[in-house]
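Colleague: For this one, chain A is given, so just place chain B on it according to the hints.
2 protein chains.
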Amino acid sequence: MTSDAVTPVLAHVDAHLDESLERLMGLLRLQSISTDPAFKAACDKTADWLVEELAEMGFDAAKHPTTGHPMVVAHDDEGEGFHVLFYGHYDVQPVDPLNLWNRDPFDPAVEETPAGKVIRGRGAADDKGQLMTFVEACRAWMAVHGTLPIKVSMFFEGEEESGSPSLIPYMEAYGEDLKADIALICDTGMFDPQTPAITTALRGLAKLELVITGPNKDLHSGMFGGAARNPAHVLSRILADLHDEDGACTLEGFYDGVPELSNAQKAQWENLGFDADGFLGGVGLSVPAGEKGRSVLEMVWSRPTCEVNGMTSGYTGAGFKTVLPSKASAKVSFRLVGTQDPQAVLKAFEAHVAARIPKDCSFQLLDTEGSPATTMEIDHPAFEAARQALSDEWPKPAAFIGCGGSIPIAGYFQKLLGMDSMLIGFGNDDDQIHSPNEKYDLTSYHKGIRSWVRVLDALSEI
Amino acid sequence: MTSDAVTPVLAHVDAHLDESLERLMGLLRLQSISTDPAFKAACDKTADWLVEELAEMGFDAAKHPTTGHPMVVAHDDEGEGFHVLFYGHYDVQPVDPLNLWNRDPFDPAVEETPAGKVIRGRGAADDKGQLMTFVEACRAWMAVHGTLPIKVSMFFEGEEESGSPSLIPYMEAYGEDLKADIALICDTGMFDPQTPAITTALRGLAKLELVITGPNKDLHSGMFGGAARNPAHVLSRILADLHDEDGACTLEGFYDGVPELSNAQKAQWENLGFDADGFLGGVGLSVPAGEKGRSVLEMVWSRPTCEVNGMTSGYTGAGFKTVLPSKASAKVSFRLVGTQDPQAVLKAFEAHVAARIPKDCSFQLLDTEGSPATTMEIDHPAFEAARQALSDEWPKPAAFIGCGGSIPIAGYFQKLLGMDSMLIGFGNDDDQIHSPNEKYDLTSYHKGIRSWVRVLDALSEI
Chain A
8 MTSDAVTPVL AHVDAHLDES LERLMGLLRL QSISTDPAFK AACDKTADWL
58 VEELAEMGFD AAKHPTTGHP MVVAHDDEGE GFHVLFYGHY DVQPVDPLNL
108 WNRDPFDPAV EETPAGKVIR GRGAADDKGQ LMTFVEACRA WMAVHGTLPI
158 KVSMFFEGEE ESGSPSLIPY MEAYGEDLKA DIALICDTGM FDPQTPAITT
208 ALRGLAKLEL VITGPNKDLH SGMFGGAARN PAHVLSRILA DLHDEDGACT
258 LEGFYDGVPE LSNAQKAQWE NLGFDADGFL GGVGLSVPAG EKGRSVLEMV
308 WSRPTCEVNG MTSGYTGAGF KTVLPSKASA KVSFRLVGTQ DPQAVLKAFE
358 AHVAARIPKD CSFQLLDTEG SPATTMEIDH PAFEAARQAL SDEWPKPAAF
408 IGCGGSIPIA GYFQKLLGMD SMLIGFGNDD DQIHSPNEKY DLTSYHKGIR
458 SWVRVLDALS EI
Chain B
8 MTSDAVTPVL AHVDAHLDES LERLMGLLRL QSISTDPAFK AACDKTADWL
58 VEELAEMGFD AAKHPTTGHP MVVAHDDEGE GFHVLFYGHY DVQPVDPLNL
108 WNRDPFDPAV EETPAGKVIR GRGAADDKGQ LMTFVEACRA WMAVHGTLPI
158 KVSMFFEGEE ESGSPSLIPY MEAYGEDLKA DIALICDTGM FDPQTPAITT
208 ALRGLAKLEL VITGPNKDLH SGMFGGAARN PAHVLSRILA DLHDEDGACT
258 LEGFYDGVPE LSNAQKAQWE NLGFDADGFL GGVGLSVPAG EKGRSVLEMV
308 WSRPTCEVNG MTSGYTGAGF KTVLPSKASA KVSFRLVGTQ DPQAVLKAFE
358 AHVAARIPKD CSFQLLDTEG SPATTMEIDH PAFEAARQAL SDEWPKPAAF
408 IGCGGSIPIA GYFQKLLGMD SMLIGFGNDD DQIHSPNEKY DLTSYHKGIR
458 SWVRVLDALS EI
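So the sequences go chain by chain: A and B.
Numbering-wise (the working numbering), the first sequence opens with residue 8 and increments by one.
Numbering-wise (the working numbering), the second sequence opens with residue 8 and increments by one.
Be aware that one or more of the hints could be misleading.
Far from chain B, some chain A residues (derived; all Cβ distances over 12 angstroms) [to be verified]: (1) E26; (2) E59; (3) V117; (4) T120; (5) D427; (6) G434; (7) D438; (8) H441; (9) H453.
27 angstroms max Cα-Cα, derived DSSO-like pairs, lysine-lysine [claimed, not checked]: (10) A:K454 / A:K124; (11) B:K299 / B:K273; (12) A:K299 / B:K366; (13) A:K422 / A:K454; (14) B:K124 / A:K224; (15) B:K422 / B:K454; (16) A:K224 / A:K454; (17) B:K299 / A:K224; (18) A:K158 / A:K186; (19) A:K403 / A:K422; (20) A:K334 / A:K158; (21) B:K158 / B:K186; (22) A:K47 / A:K70; (23) B:K158 / A:K334; (24) B:K224 / A:K299; (25) A:K299 / A:K334; (26) B:K299 / A:K366; (27) A:K403 / A:K454; (28) A:K366 / A:K299; (29) B:K224 / B:K422; (30) A:K124 / B:K70.
Don't read these hints as lab results, they were simulated from the structure.
For every residue, glycine included, the Cβ atom is placed at its ideal position computed from N, Cα and C.
For reference, chain A alone in the conformation it holds in the complex (with noise of 0.2 angstroms):
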């Protein structure tokens, strides 16, 4: 169903697809890498952009300083009634990997593959592309009816891949000028490709960097070894230990607070026909590695995770090199459901670690952070309506899903400022976000913006 005021829009989405594509390269091109302190002006003159832009298309539009990167917020209070605040980020991951790109990074193109055109470049689908699908749709309803059908504001983040420091003291001093009906968030995937998705239950995040220190210095290992500590042992052992034989993760109390799912959840689950053999097949594996007595989708979507994001220790260049390393590091996440306890998981890690290190090692743990698992209230009526505008647009109806993500923002727009979060996106599983060559499809970004249109349309009926 397509109302009239919709179908000049989508005409113009689709007359001007080339236009809103440039502008997604151009904001491609800006290395907006937070977490690493040598793109501190990237990142600067990545929010300046979006203002720019957001400024041209009429909204008030500006850049906020924080003690890290600088927040962009934008408002357009022309349109009537219903207020959303759209959220995403406009940072991305480092790139390394280097060697494995097919091409720069930060010199995107539309390629083609032999599932269709994909946008390729770092941020293409995590997050640049996809906030950029709710951009060019305002733009096209501002370009055909003058004005939005909603109060529409922005807010923009720039360290969503560095641990958002920021992002809590920005809304506890600003959240007034961020208040809405409703947050938009998008920052998510479909289901599957022909079947758009809100995404309702997302897991929560711990994380870690653990530093085992043994000798006072690296040594020769002919001289030392055997009587001497070795940390890249003892690190071993206690990574090793996190698991038990049939995947679960051994750390005390881990559990607790993960729920049961419901029949009826799990019902919904296995009648959307997930196909788990593919899931893993894509990436060359073939058998879960979860959580015994699982499904695939429980361990994605519903269970918690542990997880070595990274390790290394001693001499890892080219050639051989016989020390014994002083040091041996590891970085570790889990992701958190249901009322797990951030803080409750990291000290079952640290205890973990101290129970297992040797008299004469000491460890460090670096980074801690934690934010808890969140779960949508699907009863607010946009919910609906816009689960019915993306159906319009997609070959199938879409789905209410859960996410192995962490996107701890809808956490904070509830518990800050009381407003609850509705997420949709339009990723799919083989974007490599965070990895060598991501992508976009070309198809999620053109779908991506029709369907925002229709949203924007729906959301102007409840």
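Modeller: What follows is chain B alone, placed relative to chain A:
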């Protein structure tokens, strides 16, 4: 007991120590890192440097090309009777992590330390400082007496720190040119700073790099975490399982061929008064990490070891990246004793990995390499002559000792040229070879030169 011939040579050494030191500094400035192809030209230049020095002294010296770095061979046949071949290596270990050095590793200097003057720089102890003790002893003999007291050949390789790939082919082709009554090898240490040593037992070495592949690319841990196999977890399990709770290596058949110390040997080592607490305490440790029930001296001299020298997986840069890595790898080496078979150890490691690798992960073993342990025959009269000469130079009498390091050349000399080796070196435990801030005590250099003067004289008497 110092002979009439020796006294003026020792006086010459003392009077010209500064020039000897200047020459060593020149050699230390050459960046001969053999394992890194970027330093190939520097290795070649270092060989040229040695040829020039030796030719200037009167040796018939030449550089011999190999498929890797060149060999340097020099002869002086003017002496009478006994003929020694002196072996050393002119290549050095890589220098990273560079930020832990207190100076540019290739800009050497004499530094004052609380324990006395040291020569600081990469290769100062391993092996440029050591090989120069012999070269400078010869120079002093020739300066004072015109000729050396015995026949001397020298043989320097440039690949010792990168597995000596050209050594065996070279010795097979040109072995006749290297044959002598005995080989002298200067790449080992003192028993302690007061006690010189002749090393009579060397451990062998087996090494490899293990690379485990799980998913075919790095994944987003939120999207795939829990369901996708994480190769960092697999690697941790494999490495953790290499040792049991008592510190013994768990590889099948690993201790085959490991001899027990004779009671006599055990008694001799106990009498050395080795300070195990000081040995470990010097590197910030207090608890021996090796097999339960073994002394620290056994651990480092007579027991085999299994050590992780390096490992890496996933994101190891600054900040955090919630990646689920595609690969995880480790460099592992084994020190071997007795008649342990390096190939059997490598095979046992492969079986250990194969038994722990999940169905949908794969693994590769790269750069596998092995050499067996060596025990010297000390019946040759040169051993007693040298022991006496060393005892004359140093505060305490010389000891016959074991060594944790691996110096495969001694085994090759025996096997390919039927030639016994005598290992005499002046390094100390705190020389930080293979580590940042490598040094060689000025005393090691000065008294090392004087020691060789005495040994040359002693060998002319047998």
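Colleague: Decide, hint by hint, whether the structure agrees.
Modeller: We went through each hint and held it up to the structure:
1. Chain B leaves E26 of chain A outside its interface by the beta-carbon criterion, the shortest separation being 30 angstroms against a cut-off of 12 angstroms.
2. With a least beta-carbon separation of about 28 angstroms from chain B, E59 of chain A lies farther than 12 angstroms from that chain, consistent with its non-interface assignment.
3. No Cβ of chain B approaches the Cβ of V117 of chain A within 12 angstroms, the least distance being about 21 angstroms, so the stated non-interface status holds.
4. Every CB of chain B is more than 12 angstroms from the CB of T120 of chain A (nearest about 15 angstroms), matching its label as outside the interface.
5. Distance to chain B confirms D427 of chain A as a non-interface residue, since its nearest Cβ pair spans about 22 angstroms, more than 12 angstroms.
6. Distance to chain B contradicts G434 of chain A as a non-interface residue, since its nearest Cβ pair spans about 9 angstroms, not more than 12 angstroms.
7. A beta-carbon of chain B comes within 12 angstroms of the beta-carbon of D438 of chain A; the shortest separation is about 9 angstroms.
8. Not every beta carbon of chain B lies more than 12 angstroms from that of H441 of chain A, the smallest distance being close to 5 angstroms; the non-interface claim is violated.
9. Distance check for H453 of chain A against chain B: the nearest CB is about 23 angstroms away, which clears 12 angstroms, and the non-interface claim stands.
10. In summary, the hint linking K454 of chain A to K124 of chain A is supported, as the alpha carbons are separated by about 13 angstroms, within the 27 angstroms threshold.
11. Under the criterion of a C-alpha separation no larger than 27 angstroms, the hint pairing K299 of chain B with K273 of chain B is consistent with the structure, at around 17 angstroms.
12. Distance check on the hinted pair: K299 of chain A and K366 of chain B sit about 15 angstroms apart at the alpha-carbon level, within 27 angstroms; holds.
13. A threshold of 27 angstroms between alpha carbons decides the hint, and for K422 of chain A with K454 of chain A the separation of about 32 angstroms lies outside it, so the pair is violated.
14. This hinted pair checks out: K124 of chain B and K224 of chain A have alpha carbons roughly 21 angstroms apart, not beyond 27 angstroms.
15. With a C-alpha separation of about 32 angstroms, the suggested pair K422 of chain B and K454 of chain B falls outside the 27 angstroms cut-off, and the hint is violated.
16. For a cut-off of 27 angstroms, the pair hint linking K224 of chain A to K454 of chain A is broken: about 57 angstroms separates their Cα positions.
17. At most 27 angstroms may separate the alpha-carbon atoms for a hinted pair to count; K299 of chain B and K224 of chain A meet this at roughly 24 angstroms.
18. A C-alpha spacing of about 12 angstroms is found between K158 of chain A and K186 of chain A, which places the hinted pair at or below 27 angstroms, so the restraint holds.
19. Under the criterion of a C-alpha separation no larger than 27 angstroms, the hint pairing K403 of chain A with K422 of chain A is inconsistent with the structure, at around 34 angstroms.
20. Note on K334 of chain A and K158 of chain A: the hinted pairing is violated, with a Cα-Cα distance of about 55 angstroms set against a maximum of 27 angstroms.
21. A C-alpha spacing of about 12 angstroms is found between K158 of chain B and K186 of chain B, which places the hinted pair at or below 27 angstroms, so the restraint holds.
22. The hinted pair formed by K47 of chain A and K70 of chain A meets the criterion: a straight-line CA distance of about 15 angstroms does not exceed 27 angstroms.
23. A threshold of 27 angstroms between alpha carbons decides the hint, and for K158 of chain B with K334 of chain A the separation of about 48 angstroms lies outside it, so the pair is violated.
24. Taken as a hint, the K224 of chain B and K299 of chain A pair is honoured in the structure, with Cα atoms around 24 angstroms apart against an allowance of 27 angstroms.
25. Our distance criterion of 27 angstroms between C-alpha atoms is broken by K299 of chain A and K334 of chain A, whose separation comes to about 34 angstroms.
26. In summary, the hint linking K299 of chain B to K366 of chain A is supported, as the alpha carbons are separated by about 15 angstroms, within the 27 angstroms threshold.
27. Between K403 of chain A and K454 of chain A the CA atoms are separated by roughly 13 angstroms; this keeps the pair inside 27 angstroms, and the hint holds.
28. Restraint check: the Cα-Cα separation between K366 of chain A and K299 of chain A comes to about 35 angstroms, which exceeds 27 angstroms; the hinted pair is violated.
29. Distance hint between K224 of chain B and K422 of chain B is unfulfilled; the C-alpha atoms sit about 47 angstroms from each other, more than 27 angstroms.
30. Our distance criterion of 27 angstroms between C-alpha atoms is broken by K124 of chain A and K70 of chain B, whose separation comes to about 59 angstroms.
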